[in-house]
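Protein chains in written order, with full-length UniProt numbering: chain L, 1 to 336; chain B, 1 to 336.
Think of the hints as simulated: they come from the structure by calculation, not from any bench.
There's no promise every hint is true.
Which chain L residues stay away from chain B? Per the calculated CB distances, all over 12 Å, these [unchecked claim]:
1) Glu48
2) Ala69
3) Pro78
4) Tyr80
5) Ala82
6) Arg121
7) Val122
8) Asn200
9) Val236
Cβ-to-Cβ under 10 Å is the rule here; a few derived chain L residues that face chain B [said to hold, decoys possible]:
10) Ile99
11) Asn102
12) Gln104
13) Arg109
14) Arg112
15) Val113
16) Asn144
17) Val170
18) Thr174
19) Ile255
20) Gly256
21) Asp263
22) Ala264
23) Thr287
We treat Cβ as the ideally placed atom computed from N, Cα and C, and that holds for glycine.
Protein chains: 2
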Amino acid sequence: MPSRRATQREVARLANVSQTTVSLILGNSTTQSFPGDTLERVFRAARELGYMPNRLAQALKTQRTMTLACVVPDIGNPFYPALVRGVQLAAEDAGYDVIALNTQSDADRERRVLEWGMQGRVDGIIGVFFALRATEFEPLTRANVGVLRIETSAKKSGPLPIDNLFVDNVAAATAATRYLLERGHRRITMITGTGGPQDNRALGYQRTMLEAGLVPDILVNSGFDEEAGIQATREVLLRPERPSAIFAANDLMAIGAMSVIRDAGYRIPDDIAVMGFDDIFAARVLTPALSTVNQFQNVLGQVAAHMMLQRLTELPENTPGRHREMPFEIMRRQSA
Amino acid sequence: MPSRRATQREVARLANVSQTTVSLILGNSTTQSFPGDTLERVFRAARELGYMPNRLAQALKTQRTMTLACVVPDIGNPFYPALVRGVQLAAEDAGYDVIALNTQSDADRERRVLEWGMQGRVDGIIGVFFALRATEFEPLTRANVGVLRIETSAKKSGPLPIDNLFVDNVAAATAATRYLLERGHRRITMITGTGGPQDNRALGYQRTMLEAGLVPDILVNSGFDEEAGIQATREVLLRPERPSAIFAANDLMAIGAMSVIRDAGYRIPDDIAVMGFDDIFAARVLTPALSTVNQFQNVLGQVAAHMMLQRLTELPENTPGRHREMPFEIMRRQSA
Numbered sequence: 001m002p003s004r005r006a007t008q009r010e011v012a013r014l015a016n017v018s019q020t021t022v023s024l025i026l027g028n029s030t031t032q033s034f035p036g037d038t039l040e041r042v043f044r045a046a047r048e049l050g051y052m053p054n055r056l057a058q059a060l061k062t063q064r065t066m067t068l069a070c071v072v073p074d075i076g077n078p079f080y081p082a083l084v085r086g087v088q089l090a091a092e093d094a095g096y097d098v099i100a101l102n103t104q105s106d107a108d109r110e111r112r113v114l115e116w117g118m119q120g121r122v123d124g125i126i127g128v129f130f131a132l133r134a135t136e137f138e139p140l141t142r143a144n145v146g147v148l149r150i151e152t153s154a155k156k157s158g159p160l161p162i163d164n165l166f167v168d169n170v171a172a173a174t175a176a177t178r179y180l181l182e183r184g185h186r187r188i189t190m191i192t193g194t195g196g197p198q199d200n201r202a203l204g205y206q207r208t209m210l211e212a213g214l215v216p217d218i219l220v221n222s223g224f225d226e227e228a229g230i231q232a233t234r235e236v237l238l239r240p241e242r243p244s245a246i247f248a249a250n251d252l253m254a255i256g257a258m259s260v261i262r263d264a265g266y267r268i269p270d271d272i273a274v275m276g277f278d279d280i281f282a283a284r285v286l287t288p289a290l291s292t293v294n295q296f297q298n299v300l301g302q303v304a305a306h307m308m309l310q311r312l313t314e315l316p317e318n319t320p321g322r323h324r325e326m327p328f329e330i331m332r333r334q335s336a
Numbered sequence: 001m002p003s004r005r006a007t008q009r010e011v012a013r014l015a016n017v018s019q020t021t022v023s024l025i026l027g028n029s030t031t032q033s034f035p036g037d038t039l040e041r042v043f044r045a046a047r048e049l050g051y052m053p054n055r056l057a058q059a060l061k062t063q064r065t066m067t068l069a070c071v072v073p074d075i076g077n078p079f080y081p082a083l084v085r086g087v088q089l090a091a092e093d094a095g096y097d098v099i100a101l102n103t104q105s106d107a108d109r110e111r112r113v114l115e116w117g118m119q120g121r122v123d124g125i126i127g128v129f130f131a132l133r134a135t136e137f138e139p140l141t142r143a144n145v146g147v148l149r150i151e152t153s154a155k156k157s158g159p160l161p162i163d164n165l166f167v168d169n170v171a172a173a174t175a176a177t178r179y180l181l182e183r184g185h186r187r188i189t190m191i192t193g194t195g196g197p198q199d200n201r202a203l204g205y206q207r208t209m210l211e212a213g214l215v216p217d218i219l220v221n222s223g224f225d226e227e228a229g230i231q232a233t234r235e236v237l238l239r240p241e242r243p244s245a246i247f248a249a250n251d252l253m254a255i256g257a258m259s260v261i262r263d264a265g266y267r268i269p270d271d272i273a274v275m276g277f278d279d280i281f282a283a284r285v286l287t288p289a290l291s292t293v294n295q296f297q298n299v300l301g302q303v304a305a306h307m308m309l310q311r312l313t314e315l316p317e318n319t320p321g322r323h324r325e326m327p328f329e330i331m332r333r334q335s336a
């Protein structure tokens with residue numbers, strides 16, 4: 001950023017147009033159109049002078065807030081702060097602020113985010129929503145608020161202008177299950193919470209077990225946190241035949257599972273191996289370190305921000321939703 | 001919440017006043033005053049009918065946004081998401097939304113939060129600020145935005161209406177250092193980042209060492225994250241005489257220290273003990289579990305929200321800043 005901000009008047013003088021023209025063009029006015037060479041002259045002059053729009057004035061005049069919201073289902077799960085940080089990294093480069101909203105994967109709170117978005121407080125919402133369906137976002141898109149959902153599979157939203165960024169969670173859970181099978185495990189129990197990523201992760205596990213001629217064994221709990229992992233694993237260990245591996249639907253649950261397994265006097269991975277999902281910070285520093293699925297949450301956040309900014313600043317209004325797949329990677333560590 | 005919202009018209013009828021009067025009173029108008037018995041009648045009627053203000057309309061009419069911002073210096077440090085969650089828990093009970101803003105402890109980003117707050121987007125800002133001094137918040141308080149700072153000591157802000165919630169970090173670092181001394185350690189090295197909580201934590205350590213007739217040994221790094229802990233500890237281990245204990249200024253740095261100590265072939269705590277600060281989630285699940293200082297971040301967030309809501313809804317405008325001390329606790333675990 002230059003030490004002194006160039007003014008619109010200076011841009012107008014260099015571009016040889018009126019200050020009103022500069023104001024309309026740099027303010028992204030959608031009500032006025034200008035000849036291509038005028039646009040070019042103004043943008044070139046603005047770049048040359050290092051013009052930066054006054055963000056407050058811009059918000060007031062163009063109804064743009066220069067703010068993106070990042071909506072997460074559990075700010076206490078380190079996966080999501082890492083995602084928020086990625087969104088912020090990319091958004092800040094473009095002069096956007098990022099605010100984070102936590103829903104605790106509660107349907108009412110998710111709807112409140114919509115209401116909140118309808119009040120014109122943000123230009124775009126990037127989020128992981130557990131409860132809301134695509135059609136519920138329609139009022140937001142009609143109010144010209146950008147919407148990008150981070151999903152666990154390619155969800156088509158029809159003609160709605162809702163973007164979709166996803167890691168193929170069926171494929172990722174399949175890869176995680178295969179990893180355990182390749183290490184000789186046959187009795188693999190999956191523990192998971194309800195909603196959110198559960199369906200696709202359970203599906204990948206289930207299919208892979210059946211294809212290998214094995215019986216899937218899924219224990220569903222209400223939450224996706226450490227406590228849920230503890231409860232599920234206690235149940236698992238009460239059964240007559242214990243599994244040789246536990247595949248947890250996320251790392252927090254895996255950490256809960258590890259503590260129960262250890263407290264019961266079993267060794268990890270020799271007696272019971274544990275596989276997680278997410279690759280949160282703690283996964284790496286545990287002993288034994290947790291084998292898991294990396295979803296590159298920081299990159300995911302950055303790409304989400306880029307797609308959102310492109311929709312907000314480059315794409316024609318109501319461009320139908322775009323779908324983009326993001327990579328995952330199996331992290332081989334010591335727990336499985 | 002009742003299943004159907006009572007309207008202001010119904011409240012007016014029961015209170016026997018005009019709908020305009022109800023609108024002004026329940027909208028917390030600051031421009032009109034009413035006789036005490038009128039206020040009483042309206043509030044009683046509203047309570048009886050279970051009237052809940054329409055949040056959107058309220059924001060538009062009274063300039064109230066029913067939103068609090070929680071500003072944190074590092075959303076990637078699990079201490080802060082836990083704080084945000086605490087703020088949200090208490091704020092939601094009162095019908096307020098909470099948004100989180102991450103500054104990465106950068107002075108420019110902290111100032112941007114002020115600018116952002118001046119735009120009337122939130123009713124109050126609860127935050128941990130590393131760079132800004134109390135006087136820099138004055139414009140915000142004049143714009144009637146509530147400000148509560150979470151600090152590491154009792155910082156008086158003079159007559160400014162800025163609230164201050166703090167854990168006495170000098171006392172906490174003193175207690176942590178004493179804990180190590182009581183366990184027989186004499187060569188204790190402190191590793192820390194720059195700014196933020198550094199001053200008070202280093203001060204507590206330094207004083208306690210001197211009082212015990214020992215030489216303080218502080219290694220200052222630029223950051224407060226795992227990487228900073230790794231770098232500092234590598235330096236420590238290169239010296240001719242290694243310490244018997246490392247006191248890290250926060251848990252992330254302690255986790256970095258533990259990995260370096262282990263990689264160098266030393267045992268924790270037998271060869272080198274490690275003490276942290278914060279009691280983040282990972283501290284408990286590490287092997288050995290990390291001895292640290294619990295600041296009860298979730299409670300801290302809840303109390304911060306309560307103090308802010310009281311300022312916003314009960315206290316006379318410009319009530320001078322209040323100061324409240326919060327507790328800490330030494331968590332005895334296996335690493336020290």
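Worksheet entry | Hints that the structure is at odds with (numbers, increasing) | 2, 3, 4, 5, 6, 7, 16, 17, 18, 21, 22
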